[in-house]
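Enquirer: Each protein sequence line maps, in turn, to chains A and B. For the first sequence, the positions run 15 to 335 when the working numbering is used. For the second sequence, the positions run 62 to 375 when the working numbering is used.
Derived from the structure by calculation, the hints contain no laboratory data. None of the values given here were measured: they were computed from a predicted structure. From the three backbone atoms N, C-alpha and C, an ideal C-beta is built for every residue, glycine too. Be a bit skeptical, because a hint or two may be false.
To be verified - One-sided and incomplete, this derived list gives chain B residues near chain A with beta-carbon spacing under 10 Å:
1) Ser86
2) Arg103
3) Val105
4) Glu142
5) Leu144
6) Arg146
7) Asp149
8) Leu172
9) Asp173
10) Trp339
As the list claims (entries may be wrong) - Just a sample of chain A residues kept apart from chain B, beta carbon distances all over 12 Å, derived:
11) Ala36
12) Pro44
13) Ala77
14) Ile137
15) Pro138
16) Leu148
17) Gln226
18) Phe249
19) Gly275
20) Ala304
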Amino acid sequence: MSAIAAGIGDRLASLWTWLHAALFEAVVQPLVFHLGMVTWLEASFDATEIFLVGALEVLVLWAALGALERWRPVEVWADRGAVRADVVYTLLVRLGVLPLAIFFLLLPVVDGLDGWLRMHGFIPRGLEDLFPVLFAHPLASFLAYLVVIDFAMYWLHRAQHSFGFWWALHALHHSQRKMTFWTDDRNHVLDMVLTDAVLAVLALAVGVAPGQFVAIVAVTRAAESLAHANVRLSFGRVGEWLLVSPRFHRLHHAIGLGHEGARQGCNFAVLFPVWDHLFGTVSATREFPATGIRDQLHGRDYGEGLWRQQWLGLKRMAGRA
Amino acid sequence: MAALAWAFAAHAVFAPGEKVIVLNSGDGSISIVDPVSKVEERRVPVGKEPHHLMATPDDRELIVANAASNDLVFLDPVTGEILRRIPDISDPYQIGYSPDRKWFVAASNRLDRVDIYHAGSFKLAKRLAMPKVPSHIAFSADSRIAFVTLQESNEIAAIGLERHEVLWKLATGKQPAGIWMTPDDRHLLVGITGESHLEIYDWRARKLVKRILTGLGAHNFVARGDGRHVFLSNRMANTISMVDQETLEVKETFPVFGGPDCMEVTKDGKQLWTTARWIRMVTVVDLETKKVLHQIPVGKSPHGLYFRSHAPRR
């Protein structure tokens, strides 16, 4: 039985390799060559795989999380028009369009900083240098980096809610009153640039390899999609401590709870709820409240379409909306 | 019967227990391949982004340069067993020893640096900021100059190893990568990856002697071992060209699918092994018939490869 499973696994891996190579050699490589960007050949090969992974991921999310949302929805809406913009955000992010643009924006800054540090004798040390046992155990190494990055994301998320200018941008993410699994990628572009810049510098400081970083992002965003799903689902007494569930994260989006109070909200964790337990930001409410921002109840407009949402985010940041 | 004949031939070329070592740059591992059965025996984590490898001058160890781990890992060149690790080698992409074994040079592809280390101690002697994307390295026979291709500024830089300074730079075609010194120490061959040709420079006169059409994405070199011919991989054309270093002409070009990159030739000159970056394979080519004999699945984005029973490096 295990031999059959291994055989199927090998065939799928082989199919993936050929699909990746065919798309790259037939479409991406000629394009990169004609743009005179041959130095980026390896990076574009990786980007091709990110695109394929993203396309597959969107299909799986649509099938699996869509089914979950139909099975036990928290809310049922006759009009799902407000969800459309979130679908567009998801496609732009998961198929790699926005991440690629941000990558080219941040790369010179991060590499410039890295290069400058090395000219001054500082070479970043990875977790493997601190714990040499990780050299021989890539899975343990991956999990260690996942925990470090998730811890950083918890604090980044706290910052998104704490600083006025950042909340003005991040509020776009929270303004969805019809929250679904598509909502995860509904973000202001400037908000994405800021968080990605901090994470890139952190990744550099702790020695996350680019390949590892991509894998961490893939795992994180799949879990985040589930966390945003419009589904009445909790992971149980133990599971709620281990992984952010749709119930746990819904409280973070709840009107009057998720982004108000002394700590500007609750349940900030991205993957591991333990951070909220440790730092006193967990909400124990067992309900599935409505999502959105309180001022929407008083008529504040956050926009329906993507362009207007982005524009209003900038205006809020400038104090003009 | 044919398979038996091949197995016998492979036994004759490779020493007992000898392995082919492949760097999987995409998943940070080395594949240990049995050259007789042509099967990947095991895959071992080695570090982050291992791209290039080379034997130490005494041939007793094999050095793997892990660009993103900032270290060098030393392997047994026969079995591929990991022996030791030297940290704090900044972003080593391509590496090379000067012929006098005094200097160890590392091109930092991502961070635009060329680092010169004392070869015995691996203590940094000089870190030189360079224009964009230093790539491959070659040396003059007298060890006075290291030549480095600069992929994004389209140049060759000549670095003086006596005073550790850039002596001069020379403009090339688009995205020069592989660089190769002819056995007579006269010409530098440069693979112009952003175009379809090889450029040949008289480096003493600092002038372009000739351009030879080879194939799209002309990239990296390995000697045939007869003192006269050198192979050049054309990554985007999916071909390999054989260049005559005396007449400075292409003798033949043959197809190798999947983005051929780094290569090794067996010491009997009969087989060429190459990594195929895009299809996660190592390809073995019969140099008499130019037919692909084997495709061996390995890890992600295989780049450097090595076996001890290789042809002479000239």
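Enquirer: Each hint should be assessed against the structure and marked as holding or not.
Expert: Results of checking the hints against the structure:
no.	hint	verdict
1	Ser86	holds (8 Å)
2	Arg103	violated (13 Å)
3	Val105	holds (8 Å)
4	Glu142	violated (13 Å)
5	Leu144	violated (13 Å)
6	Arg146	holds (8 Å)
7	Asp149	holds (5 Å)
8	Leu172	holds (4 Å)
9	Asp173	holds (6 Å)
10	Trp339	holds (4 Å)
11	Ala36	violated (9 Å)
12	Pro44	violated (8 Å)
13	Ala77	holds (27 Å)
14	Ile137	violated (5 Å)
15	Pro138	violated (7 Å)
16	Leu148	violated (9 Å)
17	Gln226	violated (7 Å)
18	Phe249	holds (31 Å)
19	Gly275	holds (42 Å)
20	Ala304	holds (45 Å)
Violated hints for the displayed structure, listed by number in ascending order: 2, 4, 5, 11, 12, 14, 15, 16 and 17.
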